[in-house]
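Protein chains: 2
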Amino acid sequence: MAENKGVTPQSEDYSRWYTDVVKMADLADNAPVRGCMIIKPYGYELWENIKTALDMRFKATGHRNAYFPLFIPMSFIEKEAEHVEGFAPELAVVTHGGGKELEEPLVVRPTSETVIGHAFSDWIQSYRDLPLLINQWANVVRWEKRPRLFLRTTEFLWQEGHTAHATEEEAVAETLQMLDIYADMAINECAIPVIKGLKSPQEKFAGAADSYAIEAMMGNTWALQSGTSHFLGQNFAKAFNIQYLDEANEQQYAWTTSWGVSTRMVGGVVMAHGDDKGLRLPPHIAPYQVVITPIWKTPEDEESVFRFTNLVADQLRSAGIRIHVDKRAGLSPGFKFNDWEMRGVPVRLEIGPRDVEGNSVMSARRDVPGRDGKQILPLEGLEMAIAELLENIQSSMLETATKFRDERLHEVETYEELKALVGQGWGLMWHCGSPECEDKIKEDTKATSRCFPLDENPEWNPVGEKCAVCGKPAFGRAYFSRAY
Amino acid sequence: MAENKGVTPQSEDYSRWYTDVVKMADLADNAPVRGCMIIKPYGYELWENIKTALDMRFKATGHRNAYFPLFIPMSFIEKEAEHVEGFAPELAVVTHGGGKELEEPLVVRPTSETVIGHAFSDWIQSYRDLPLLINQWANVVRWEKRPRLFLRTTEFLWQEGHTAHATEEEAVAETLQMLDIYADMAINECAIPVIKGLKSPQEKFAGAADSYAIEAMMGNTWALQSGTSHFLGQNFAKAFNIQYLDEANEQQYAWTTSWGVSTRMVGGVVMAHGDDKGLRLPPHIAPYQVVITPIWKTPEDEESVFRFTNLVADQLRSAGIRIHVDKRAGLSPGFKFNDWEMRGVPVRLEIGPRDVEGNSVMSARRDVPGRDGKQILPLEGLEMAIAELLENIQSSMLETATKFRDERLHEVETYEELKALVGQGWGLMWHCGSPECEDKIKEDTKATSRCFPLDENPEWNPVGEKCAVCGKPAFGRAYFSRAY
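Taken in order, these protein sequences are the chains called A and B. Just so we're aligned: 1669 in my numbering is position 477 of the first sequence, and the numbers increase by one with no gaps anywhere. Just so we're aligned: 1582 in my numbering is position 390 of the second sequence, and the numbers increase by one with no gaps anywhere.
Treat the hints as calculated values from the structure; they're not laboratory data. All values derive from a computational prediction rather than experimental measurement. There's no promise every hint is true.
[As the list claims (entries may be wrong)] Partner residues are not named here, just some residues of chain A that face chain B (Cβ under 7 Å, in silico):
| id | residue |
| --- | --- |
| 1 | 1226 |
| 2 | 1266 |
| 3 | 1273 |
| 4 | 1332 |
[What the hints assert, rightly or not] Computed cross-link-like contacts, DSS-like style, restricted to lysine-lysine with a CA-CA straight-line distance of at most 30 Å:
| id | chain 1 | residue 1 | chain 2 | residue 2 |
| --- | --- | --- | --- | --- |
| 5 | A | 1292 | B | 1396 |
| 6 | A | 1251 | B | 1634 |
| 7 | B | 1215 | A | 1430 |
| 8 | A | 1215 | B | 1396 |
| 9 | A | 1396 | A | 1243 |
| 10 | A | 1251 | B | 1271 |
| 11 | A | 1292 | B | 1271 |
| 12 | B | 1396 | A | 1251 |
| 13 | A | 1489 | A | 1243 |
| 14 | B | 1251 | A | 1292 |
Just so it is clear, CB atoms sit at the ideal spot from N, CA and C, and this is done for glycine as well.
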């Protein structure tokens, strides 16, 4: 049996490395329709775990799931001026249904502010109906010219939260709360140390008053916007007439928010942790936290090894650990090891005749190669040892990713410094926030403003600070980087 | 505060009763695009519980979730002759994307046999890759001329399972296993005593060799096909070239199946259990199993009642019971009782000052009106008492529905008997299975063949039995009824 063909090394071609890993780790594949993807079981299970982690957090903060239609009348999209301008070039349009040409073309939702705004205007009558806290899990379509699996696909899966509030303060607080929830999920489940920040006017959502995002650093130092939370002001409330009677019996426009995380996050996990052997998955979201590889030669060994393997498997499974037993015949242990390393399973347990004799198993960490990652674990208390090992791996992966990122975050004083940095890290630079400066930076360096990090900007428009590009008063310090 | 306006009585207009309940119980509403619906949080939570019940069962039988694209090239749909004939009139077609007219129009998936068949032909190489057991949770679109919320909507949510097997026997076994799982879910979670059976050639899925279904009786005796499981033979394997190398190293076509349950099931729950007061939800799938209504007049009472209510709520919540506390001010207890009856919550707990004093709560069953459904329950051990009560309600609802159904199932010897029965029950009648007889029955009575129940047909084509309509040899006994 041939050894696994490896992936293209990151150092050789990062982009090809990414595609190789996504395909060879069986996460996803291209669909027959260009720009669309097929999410294979292993990739979908990874998404399901991210989904569960988010859904729990949404419900714990009082949000309820609902479902709104896939099709939106074209006229709805046109009601909010910035919104239609932003989305028009990306729309998929249904013109025929049930064998007839439609009177009004239907848009396949690129996002649902409009149709949900329409529903909210119906659901909300009085201040007693507020806040209204809704989320939906759905597919959306944005026509993509340069598709990349998970990162940019014409159809993708996501959740979109939509909320309405009586006051601006509450809506802003909700926007920031959801940003915090996204960061918490990214950091503590995906082991990705994201940075929370405000998007520039150029980079904000079409129709938002303010957009916030979590930005993650990938293995090539590029940034990935991994989740966004938008304060929509009264823009959609006015476009869709979302009004409520306040306590003084007067009509008021509501304040709304929207926020989303998509299957793009899966691509983020690949690029934040992967190496030249393939995926490395954080235990909290790994479809299989542990893979057990029985090793045998003789039929007698096979029997005793399998009996012991089943024992171990049951013990771990009852403790709630997600395991997989690789019983495939005709494949060498080496082939299997490579295979599961490619798939990024955090812990591998090897069980051979000697382990059966010793009443123990040999464990190997995906994140620590070679002997250093190996240890013999006794059967007794194995589930506790594994649970602890998984938590160690989880925090160690976050630590590694944080160290990698922190070494590549730089405060830059001048535009020249930024130019020298792009491609090797992110530059935190005073920035006026104007589209003109952003365009210039992008043209010169291909970098874009990622966000004005909240932690680094105690105040906006600080007196005396100047944009490193145009010299006009700075709005704040923004990170600039190449980005997906 | 005005009392709740009730729903149209079932006896007056069953169809309006249904729509009233769906809307007044806050399950769903019409979307701006005709034929589509908005599933409101309460309706979506009901669907989520059905979903979880199914997903558990799929995973326990070795199926894995994946996700396939929304858009299917028109040419794919055309590859299986019966399939395109069946679905062509219902397709929604995307002709424009990204601001341009597309070279090949894209179909919004009405079901995914074609695109999944295409993927399977790629995933399957050898007998070692079989069986391949895949499920997807997705939205699908079938243009609907006479839409009804949940029952028939242009877009609906569902799961569609797709599997491939090495042998015909295995594929048939899978088809029947999934039918059993659907029946188990319907009976034990939704408290709907469905009948499992084979669909007639006229009623089978476009492209299937054999279709099976679970058929449920609604409150007006009409049937609702609530889930289908299809043995696809090698039809799609041949259309999409799903081949594998067998152990003798020869190319073979795989045998495939597909099976689905949709949001239609929610409509089934409404009509199988609802009454003139509104919904009645089986505890296993009810979004709220228990609603707690604190009752108070004075501010002192309010304080002590709320303190006690929180105690009760915490106790039940920690026991894993899904509860909701109705703390709304300014609404009378009577209004709230009606409101929660409309929403079909299985158990209502009333907590007033006297209950606080007595260290107990007053419970009322939704399924047993008036005094008979009420009892005083002490705080100590309340979670156990409630858990038991919920199980009682669950089995009692199944019993009621089974009795209702069994009284309306009739063996009919002659076509005249069937004619007299239609509208008041289902007739089990010898049937040849020909489209001609079915068309005649439909024209005469508006009834359609629901299924050849497996339990009532120990053998097909039994010697000597004749179709009650045409007199030719019967294929078996089929239920005929009006249906949704």
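- Message: For each hint given before, does the structure comply? Return the numbers of the non-compliant ones in rising order.
- Response: 1, 2, 3, 4, 6, 8, 10, 12, 13 and 14
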